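A.B. asks: Given next are the chains, with one letter for each unit.
There are 2 protein chains.
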Amino acid sequence: MNYSQMDPAEVRRLIREGEITGPTSGMCAGYAQANLVILPKDLAYDFLLFTQRNQKSCPILEVSDMGSRSLKYIANNVDIAKDIPKYRVYEDGILTGEYTSVEHLWRDNFVSFLIGCSFSFESELLEAGISIRHIEENCNVPMFKTNIECEPAGIFNGKMVVSMRPIPYDQIVKSVMVTGTMPKVHGAPIHIGDPSVIGISDVTKPDFGDSVQIKEGEVPVFWPCGVTPQSVVMNVKPKIVITHSPGHMLITDVKNVDLKY
Amino acid sequence: MNYSQMDPAEVRRLIREGEITGPTSGMCAGYAQANLVILPKDLAYDFLLFTQRNQKSCPILEVSDMGSRSLKYIANNVDIAKDIPKYRVYEDGILTGEYTSVEHLWRDNFVSFLIGCSFSFESELLEAGISIRHIEENCNVPMFKTNIECEPAGIFNGKMVVSMRPIPYDQIVKSVMVTGTMPKVHGAPIHIGDPSVIGISDVTKPDFGDSVQIKEGEVPVFWPCGVTPQSVVMNVKPKIVITHSPGHMLITDVKNVDLKY
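So the protein lines, in turn, are chains A and B. Residue numbers for the first sequence follow the working numbering, so the first one is 152 and each next one is one higher. Residue numbers for the second sequence follow the working numbering, so the first one is 152 and each next one is one higher.
If we strip away everything but chain A, and leave its shape as in the complex, we get (with noise of 0.2 Å):
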């Protein structure tokens, strides 16, 4: 199946239906795709503060109603509990499960926070005629925690986590506005250049994700990065929590380029 050229309901109801349980990457190509974090409702205004003050990692497309598995605005007709092909539960900061559906673990105050996804900007990217090296190399992104301290509310802090992709000398500037237009995932760099000013001590072993080859005649640009939100809420190891498994995103009713505006 060429799922790329497909719409996203249709992958959406494979993916409920089972027929599709692996990573969403490529799949609809021109819609966005999104991060999920489910929490109970008594840890949610923390967490949409922590979201508020670090819009650049924890950029909100959308958050559901209390309770609600539907969504209002990225995506029609949607299961959270269902249309992602597979759940991570963690439980007092645990990884107790991956599941394909966690209607069974449903409960009436959870809210869901989908978060922008780079997935989009590197579409944008490519379109920009910038490779990118996890790409070409079929891995995924190098991600890695950094010294940056991200603005803590009620009882979520911790570090920012960031992706890196190699740029050429001179296609800086451009992967800087290109993604620049695009604040709801993730936007602009966060730091261009030497990995150790933000505390990367070894750009060749990422903390998340695969290595991948820094050319001669490349810089290492990082961007503000996704599993931060997952991060800093697996620090506090919350009773229940639930995410999307890496690379098995929501895919979303709304295109990458309705992003910019």
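Just so you know, these hints were derived from the structure itself, not from any lab. As the structure is a computational prediction, the values presented were derived from the model and not from experiment. One thing to keep in mind: the hints can contain errors.
Copies of one chain are not kept apart here, so a pair can be met inside one copy or by any two copies together.
With a cut-off of at most 30 Å between alpha-carbon atoms, the simulated DSSO-like pairs for lysine-lysine come out as follows [claimed, not checked]: (1) 388 to 192; (2) 237 to 356; (3) 411 to 296; (4) 310 to 237; (5) 192 to 223; (6) 223 to 296; (7) 310 to 325; (8) 223 to 411; (9) 296 to 388; (10) 411 to 356; (11) 411 to 207; (12) 388 to 406; (13) 192 to 356; (14) 310 to 411; (15) 233 to 325.
Could you slot chain B onto chain A? The hints should help.
C.D. replies: Below, chain B alone, put in the same frame as chain A:
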């Protein structure tokens, strides 16, 4: 005194000491001013979610920690209970008093929301050579209730309020481009032209503020307005809510140009 060229910290000191009790328009040129809504914590989640869903009319600059009278991000050494020249207190939806300080009313469960203000983009429009009629006519900007439904969140819902500025045909595009770079202070217009399209029956009879002249060859241009959040809060008649008095804003340490990034 020439407050226009003074430092925000110095003007806030004069306000705190009761030396300034009037409107802040024109003070501390180049620095952003902010709208204020203070609510008890039990309403704060719904209101924060409302602002997240209605960012054009309710662009949040900062949300205080519960009970705190200081701010962390947009201004230093603030006492939010004293540093605004005039406050309004509403109880059960009724205006019960105007005060130059609300220290005596402060509660440990208060949360302060500081919301972007169109003074910031007006200063950019003027820089770009676009005249602003209500400044020329030395009156308040005309504001209108529209038929545009805000996205509801919890107990909060209502119509968007807009401000109107007449713009000559040959400056409309420029006015969109200039304000579009400043989404944290309402951003681009929400409507250009025929007022009836957004439910305004008589553009010479504003619901708030003053009427201004629309000259031959000018078009009414409408921007989302910071009166929206106040109007929505009043709809639900909370036990207590404190706001700034119209035109009596918080002067921040943030330069208008920095609201672009």
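A.B. asks: For each hint, tell me whether it holds in the structure or not.
C.D. replies: A quick look at each hint next to the structure:
Proximity of residue 388 and residue 192 under a CA criterion of 30 Å is satisfied in both settings, with 15 Å inside one chain copy and 24 Å between copies. Within a single copy, residue 237 and residue 356 get their C-alpha atoms as close as 27 Å, which meets the 30 Å cut-off; across copies the closest is 56 Å, which misses it. Taking the shortest alpha-carbon separations for residue 411 and residue 296, both the intra-copy value of 27 Å and the inter-copy value of 27 Å come in at or below 30 Å. Taking the shortest alpha-carbon separations for residue 310 and residue 237, only the intra-copy value of 26 Å comes in at or below 30 Å, while the best inter-copy value is 39 Å.
When the C-alpha separation of residue 192 and residue 223 is checked against a cutoff of 30 Å, the pair qualifies both within a copy, at 18 Å, and between copies, at 26 Å. In this assembly of identical chains, residue 223 and residue 296 lie within 30 Å of each other by CA distance solely across copies; the values are 24 Å between and 33 Å within a copy. Taking the shortest alpha-carbon separations for residue 310 and residue 325, only the intra-copy value of 27 Å comes in at or below 30 Å, while the best inter-copy value is 40 Å. Within a single copy, residue 223 and residue 411 get their C-alpha atoms as close as 20 Å, and across copies as close as 29 Å, so both meet the 30 Å cut-off.
With identical chains, the CA atoms of residue 296 and residue 388 are at most 30 Å apart within one copy only, with a shortest distance of 18 Å there and 45 Å across copies. When the C-alpha separation of residue 411 and residue 356 is checked against a cutoff of 30 Å, the pair qualifies neither within a copy, at 33 Å, nor between copies, at 35 Å. Proximity of residue 411 to residue 207 under the C-alpha cut-off of 30 Å is found in both arrangements, the shortest distances being 14 Å within a copy and 14 Å between copies. In this assembly of identical chains, the alpha carbons of residue 388 and residue 406 never lie at most 30 Å apart, being 34 Å within a copy and 38 Å across copies at closest.
Proximity of residue 192 to residue 356 under the C-alpha cut-off of 30 Å is found in neither arrangement, the shortest distances being 37 Å within a copy and 44 Å between copies. Taking the closest pair of Cα atoms, residue 310 and residue 411 come within 30 Å of each other both inside a single copy (27 Å) and across two copies (25 Å). Proximity of residue 233 to residue 325 under the C-alpha cut-off of 30 Å is found in neither arrangement, the shortest distances being 38 Å within a copy and 46 Å between copies.
Hint check: violations occur at hints 10, 12, 13 and 15; the rest are consistent with the structure.
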